[in-house]
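Got chain A; can you put chain B on it based on the hints?
Protein chains in written order, with the numbering used here: chain A, 1 to 161; chain B, 1 to 278.
It should be emphasised that the hints constitute simulated quantities derived from the structure, not laboratory data. Ideal Cβ placement from N, Cα and C applies to all residues, glycine included. Warning: the hint list may mix true and false statements.
On the chain B side, residues computed to face chain A include the following (Cβ under 8 Å) [as the list claims (entries may be wrong)]:
1) 69
2) 155
3) 158
4) 172
5) 175
6) 179
7) 186
8) 189
9) 242
10) 256
11) 257
When the alpha-carbon atoms are kept at most 25 Å apart in a straight line, the in silico SDA-like pairs for lysine to any residue are as follows [as the list claims (entries may be wrong)]:
12) A:143 / A:121
13) A:42 / B:70
14) A:27 / B:173
15) A:42 / B:172
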Amino acid sequence: MISKKVILTGSFGVGKTSLFNQFIYNKFDEKYLTTIGVKVNKKTINVEGEELSILLWDIAGEVAQDKVPTSYFLGASGIIYVLDLTRPSTYKNLKADIEYLKEITQGGIIKIIGNKKDLVSEEKLFEIKNEIDLPWDLVTSAKTGENVEQLFLILGRELVT
Amino acid sequence: MMTRPSENIDNEAILMERLKDIILREDRDELEKIKVQINDDELFAAKATPIVEEHLNFLKENFKNEYAAIINQMIDEKLKDSQEQIINAIYPAMGTMVKKFIVNEFQKLKESLERTVSKTNPINRFRSFFSSKKDNETILTSLDKATIQEIYIIQRDSGILIGTASLEKTIDQDVIAGMLTAIKSFVEDAFKQSNQELQMIEYGTYKIFIQSFYTYYVAVAISGSLSALERDNLSTDLFKFAEQELSSEVHKLNGHFSEQISEKLKLHFFEQKPQLKN
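So here's chain A without its partners, still in its complex pose (with noise of 0.2 Å):
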């Protein structure tokens, strides 16, 4: 079996931690409790015949250089960067967030999300398709589990082959 590290960042409060439980135990919790330091848990997933081991890292908060530790990203084979779609202060730096894990990670695949389509309608989710700067690779809701797995099967897909 081989063994992934993928980790999971973004701004406070989008959701990381409720994507994180909703993968590893199927479960969502309304409360928000922020996550301290980081949190990490697995889970096997079948990709087309191989069992793939995601060792998943929960970063707390930011992305920003002088808040998380940058060894934190060293090695991750997957990086899944999540943005709340009710929020654009959580998307104001997407460009160079990415830049910064695209240069610390070396070859590391990166996943934008935005989280919380439970929230917003059709209209909204296409105005702000527009006023982001770059595209996301999928929408996601970790309340209603709505493309979770899906996206962490997209992801194995890519780090297996």
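The following block gives chain B in isolation, referenced to the frame of chain A:
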């Protein structure tokens, strides 16, 4: 002219009131001033504060003499009434403290014995080695032997587990490897000491000894007291194991867990050497 009796009474009352006004004027004025002082917070505080402070100072200086007996009696009664509750609250903490204290003392004792033994005559050490009776020092050092409980080989940056062996199965070892890497990364990043690495994590009577290599690190969970000499021996042993068993293998793994390396760890650290060398 004659006055009616009722008029006389009215006049007397008025006169009495006037008389009261004359006699009590100063007292009434004083009373008004006191009322103002009591009802005005600032004025009242200005008057009362020095008195309260004086009493507080008196209490501070004489508390023991004045109240010690009463408080002692209250504490005695409370202790008698809630003995079980108090013991329940302090027992776990006391137990851990005592255990940790004993382990620390053993560690100090072992290190002091190692220093003493290394200074003594080699002939005595030779005699002791072949003697059927263990001397006191040998007995003492064997009392709280450091024992390897678990050993992990972990990819340095990613925290992916390459191989592991343990005396007992614990929680998910991949998660342990990931969290250990996160802790190690955090400490090394936070203190930004160039070329320095986290070498030991202690929790209660357990220790996690960390030996870093270029692309991976080895974490060894140990119970018991670990002396400086034992730590040194363990480090040497890990270098030897890495040189013989890992150097040619690790770079081929690329994120794969190796059963082969885990078997080698089990054989080397648990089946051949159940306890650390003294």
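Query raised in the report: So which hints don't hold here, by number, going up?
Result: 1, 9, 13
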